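Protein chains: 2
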Amino acid sequence: LSSLGSERGVIDHIRRRLPAAPASLIVAPGDDAAVVVPERGAFQVLTTDAVVEEIHFDRRFSSLSDVGYRAVAVNASDIAAMGGTPTFALLSLLLPPSTSLADVDALLDGILEMASEARIAIAGGNLSRSPGPLVVDVAMTGHVRPRRILRRDGGRPGDGLYVTGTIGAAAAGLEWLKASAAAQRTDAGAMDECVRRHRRPNPRLRVGAMLGRTRAGTACMDLSDGLADAVRQIAEASGTGATIDASLLPLDPAAAAWFTSQGRDPVAAAMTGGDDYELLVAVPRKRGGRLRGVQRQSRGVPLTRIGELTSEPGIVLIRGGQVEPLPTGFSHF
Amino acid sequence: LSSLGSERGVIDHIRRRLPAAPASLIVAPGDDAAVVVPERGAFQVLTTDAVVEEIHFDRRFSSLSDVGYRAVAVNASDIAAMGGTPTFALLSLLLPPSTSLADVDALLDGILEMASEARIAIAGGNLSRSPGPLVVDVAMTGHVRPRRILRRDGGRPGDGLYVTGTIGAAAAGLEWLKASAAAQRTDAGAMDECVRRHRRPNPRLRVGAMLGRTRAGTACMDLSDGLADAVRQIAEASGTGATIDASLLPLDPAAAAWFTSQGRDPVAAAMTGGDDYELLVAVPRKRGGRLRGVQRQSRGVPLTRIGELTSEPGIVLIRGGQVEPLPTGFSHF
Numbered sequence: 009l010s011s012l013g014s015e016r017g018v019i020d021h022i023r024r025r026l027p028a029a030p031a032s033l034i035v036a037p038g039d040d041a042a043v044v045v046p047e048r049g050a051f052q053v054l055t056t057d058a059v060v061e062e063i064h065f066d067r068r069f070s071s072l073s074d075v076g077y078r079a080v081a082v083n084a085s086d087i088a089a090m091g092g093t094p095t096f097a098l099l100s101l102l103l104p105p106s107t108s109l110a111d112v113d114a115l116l117d118g119i120l121e122m123a124s125e126a127r128i129a130i131a132g133g134n135l136s137r138s139p140g141p142l143v144v145d146v147a148m149t150g151h152v153r154p155r156r157i158l159r160r161d162g163g164r165p166g167d168g169l170y171v172t173g174t175i176g177a178a179a180a181g182l183e184w185l186k187a188s189a190a191a192q193r194t195d196a197g198a199m200d201e202c203v204r205r206h207r208r209p210n211p212r213l214r215v216g217a218m219l220g221r222t223r224a225g226t227a228c229m230d231l232s233d234g235l236a237d238a239v240r241q242i243a244e245a246s247g248t249g250a251t252i253d254a255s256l257l258p259l260d261p262a263a264a265a266w267f268t269s270q271g272r273d274p275v276a277a278a279m280t281g282g283d284d285y286e287l288l289v290a291v292p293r294k295r296g297g298r299l300r301g302v303q304r305q306s307r308g309v310p311l312t313r314i315g316e317l318t319s320e321p322g323i324v325l326i327r328g329g330q331v332e333p334l335p336t337g338f339s340h341f
Numbered sequence: 009l010s011s012l013g014s015e016r017g018v019i020d021h022i023r024r025r026l027p028a029a030p031a032s033l034i035v036a037p038g039d040d041a042a043v044v045v046p047e048r049g050a051f052q053v054l055t056t057d058a059v060v061e062e063i064h065f066d067r068r069f070s071s072l073s074d075v076g077y078r079a080v081a082v083n084a085s086d087i088a089a090m091g092g093t094p095t096f097a098l099l100s101l102l103l104p105p106s107t108s109l110a111d112v113d114a115l116l117d118g119i120l121e122m123a124s125e126a127r128i129a130i131a132g133g134n135l136s137r138s139p140g141p142l143v144v145d146v147a148m149t150g151h152v153r154p155r156r157i158l159r160r161d162g163g164r165p166g167d168g169l170y171v172t173g174t175i176g177a178a179a180a181g182l183e184w185l186k187a188s189a190a191a192q193r194t195d196a197g198a199m200d201e202c203v204r205r206h207r208r209p210n211p212r213l214r215v216g217a218m219l220g221r222t223r224a225g226t227a228c229m230d231l232s233d234g235l236a237d238a239v240r241q242i243a244e245a246s247g248t249g250a251t252i253d254a255s256l257l258p259l260d261p262a263a264a265a266w267f268t269s270q271g272r273d274p275v276a277a278a279m280t281g282g283d284d285y286e287l288l289v290a291v292p293r294k295r296g297g298r299l300r301g302v303q304r305q306s307r308g309v310p311l312t313r314i315g316e317l318t319s320e321p322g323i324v325l326i327r328g329g330q331v332e333p334l335p336t337g338f339s340h341f
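Protein sequence lines correspond, in order, to chains Z and Y. Just so you know, we're using the numbering used here here: the first sequence kicks off at 9 and counts up by one. Just so you know, we're using the numbering used here here: the second sequence kicks off at 9 and counts up by one.
To be clear, the hints were calculated from the coordinates, so they are not data collected in a lab. Any given hint could turn out to be false.
Cut-off 25 Å, straight-line C-alpha distance, at most; resulting in silico cross-link-like pairs (SDA-like, lysine to any residue) [said to hold, decoys possible]: (1) Y:Lys186 - Z:Gly140; (2) Y:Lys186 - Z:Pro105; (3) Y:Lys186 - Z:Lys294; (4) Z:Lys186 - Y:Gly140; (5) Y:Lys294 - Y:Gly247; (6) Z:Lys186 - Y:Ile63; (7) Z:Lys186 - Z:Gly140; (8) Y:Lys186 - Y:Ile63; (9) Y:Lys186 - Y:Ala198; (10) Y:Lys186 - Z:Pro139; (11) Z:Lys294 - Z:Thr318; (12) Z:Lys186 - Y:Pro104; (13) Y:Lys294 - Y:Arg223; (14) Z:Lys186 - Y:Arg137; (15) Z:Lys186 - Z:Lys294; (16) Y:Lys186 - Y:Asp111; (17) Y:Lys186 - Z:Lys186; (18) Z:Lys294 - Z:Pro154; (19) Z:Lys186 - Y:Pro105.
Residues of chain Z clear of chain Y, computed beta-carbon distances all greater than 12 Å [unchecked claim]: (20) Arg68; (21) Asp113; (22) Arg159; (23) Arg193; (24) Asn210; (25) Leu259; (26) Gln305; (27) Gly328.
Everything numeric in this text was worked out from a predicted model, so none of it was measured. Positions of the beta carbon are idealized from the N, C-alpha and C atoms, including for glycine.
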């Protein structure tokens, strides 16, 4: 990478920017591999997710700092969706020849900001040239207590389905950015928060860990591919049907207004729009007290009941007294 | 990915090809993240390394099965270089639009072959489209006993430097492939083994784990960026100098003959050629007995003494009674 100088120089630059390692990081970045002390009495959670230029982000719409932030956030969201707490991240950066050291610093700004918010230590990583897109591929470890794991196949008929936060904002934010780029608008106004949620997802780390710890939930997953997809996956994995009540959905108001202004059905758009990184969780009726306990400690993140798992096999949306099939899901692929 | 159909379909196809999960894989691929039981009493080793089209492989010279094999092998090599044993892998695949299901199967053939040889279980992964190169980015976990960790900074003046196997073969194999593509030759003849070592590196997993377990070594790293680079890194990290004796280097004979036929210095070419995935280890004189014990159980992998760490700060090559600077290293970047 001629513009960056040597690989070693870039790695040294990155290492110098990492905050002090926790005591559990026995061998920090710089050796063949990292060595860490596992959390006592816990199982380990492992995940990986990549953020790829042209596929997951567009440099016109997200800064490289946003890209770095997002790459860490989406992995942390997967750990939270298991009821776990993220611990260490490995960064694999694929950098095109045009990458400057300022670009690397911007990526790191976002990576370290999200890592700091979530108390995740960077354990190691890898740099490679890319002949094409810039890629931030993150692998993450976390920990979870045995019997506190939130799989997606643990739901039972009658469990209530709850979703954190609001839905549709990230998808509306991205659509607004695309439309505004065409119209050369820059002031997002009412769409400002939607744009922010596209650029910097806010994974529900505290709620996920509490849903596991309190055993309030029986099944959980994040909404990376949209709410409709998550409902389908939990129901299919749990061997149940599901009923969602459209009137209960916590649509983001600005997103709903945007979708409506574009002649779109806001319910379908919000349910199939990806990248919300909220959590969908199944909660048995008798664990409602535990759920209220999680809600009280969620620091303002709402948990909204949107329907339930059913013994009948269909997966349906109830809207205005009518039964509809669930809107067809979004796919990153 | 129109040629592949849906992301979910490809993921299901991959999951069906995975062998039965070990009991320690509590939540297998298919959920938000994997959950595993850590090895009791052990620390955990974490690493990541990517194999990128056009940068690390050329489809004219390696099959996709070779690419998959190599992606797992190079990560396992990093774990072995810490004295650890690899356990789980996460696969992040970036697939260009032209990818077919047969391509995915070929990648998996190689991935699963190396994983099976090394008893590594695929814990999870991620699929993404790629607007450019095909990328196999692997993150790997392993385990190592406390006080058995082979860092690169543990060497002391007087420690002998030993290298496994032979050097130069992978670099010579790649050079032969490039030259032969130009000349439209296909029969590698005497270069067959060099070509194989470029395509399918053979990480020294057993020797690495034994060097850690027996505490024969004080410092270790793999030769992914060439022997000269590894000597420099161990010496710099350990705060020592190093002397390498050119006459002791275990040059691969076919590689040496190839470099000579090309008018190159075979010692410099073999020392700076990357991708050998042998191990360089520093061994104190009084631990020679332990090293011989490792050698006896190495199943024929030679361990060759090539020089030593020194209290004088220089890093030098002795050749024909003359002292030279070490050849300048290879960089993947």
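Comparing the hints with the structure gives:
1. Y:Lys186 - Z:Gly140: holds (22 Å)
2. Y:Lys186 - Z:Pro105: holds (23 Å)
3. Y:Lys186 - Z:Lys294: violated (68 Å)
4. Z:Lys186 - Y:Gly140: Roughly 22 Å between the alpha carbons, so the hint for lysine 186 (chain Z) and glycine 140 (chain Y) holds.
5. Y:Lys294 - Y:Gly247: Judged against 25 Å, a Cα distance of about 20 Å means the pair holds.
6. Z:Lys186 - Y:Ile63: Answer violated: lysine 186 (chain Z) to isoleucine 63 (chain Y) is near 32 Å, above 25 Å.
7. Z:Lys186 - Z:Gly140: Holds: lysine 186 (chain Z) and glycine 140 (chain Z) sit about 22 Å apart, inside 25 Å.
8. Y:Lys186 - Y:Ile63: holds (14 Å)
9. Y:Lys186 - Y:Ala198: holds (16 Å)
10. Y:Lys186 - Z:Pro139: Given pair lysine 186 (chain Y), proline 139 (chain Z) holds - Cα atoms ~19 Å apart, limit 25 Å.
11. Z:Lys294 - Z:Thr318: Distance ~16 Å between lysine 294 (chain Z) and threonine 318 (chain Z) Cα, so the pair holds.
12. Z:Lys186 - Y:Pro104: Roughly 24 Å between the alpha carbons, so the hint for lysine 186 (chain Z) and proline 104 (chain Y) holds.
13. Y:Lys294 - Y:Arg223: holds (12 Å)
14. Z:Lys186 - Y:Arg137: holds (20 Å)
15. Z:Lys186 - Z:Lys294: violated (45 Å)
16. Y:Lys186 - Y:Asp111: Holds. Lysine 186 (chain Y) to aspartate 111 (chain Y) sits at ~23 Å (cutoff 25 Å).
17. Y:Lys186 - Z:Lys186: Measuring from Cα to Cα gives roughly 44 Å; hence the hint is violated.
18. Z:Lys294 - Z:Pro154: The given pair, whose Cα atoms are some 22 Å apart, holds under the 25 Å limit.
19. Z:Lys186 - Y:Pro105: holds (23 Å)
20. Arg68: holds (15 Å)
21. Asp113: Aspartate 113 (chain Z) is indeed farther than 12 Å from all Cβ atoms of chain Y, at 17 Å.
22. Arg159: violated (6 Å)
23. Arg193: holds (26 Å)
24. Asn210: holds (17 Å)
25. Leu259: holds (24 Å)
26. Gln305: holds (22 Å)
27. Gly328: The claim stands: glycine 328 (chain Z) keeps its Cβ more than 12 Å from every Cβ of chain Y (closest is about 31 Å).
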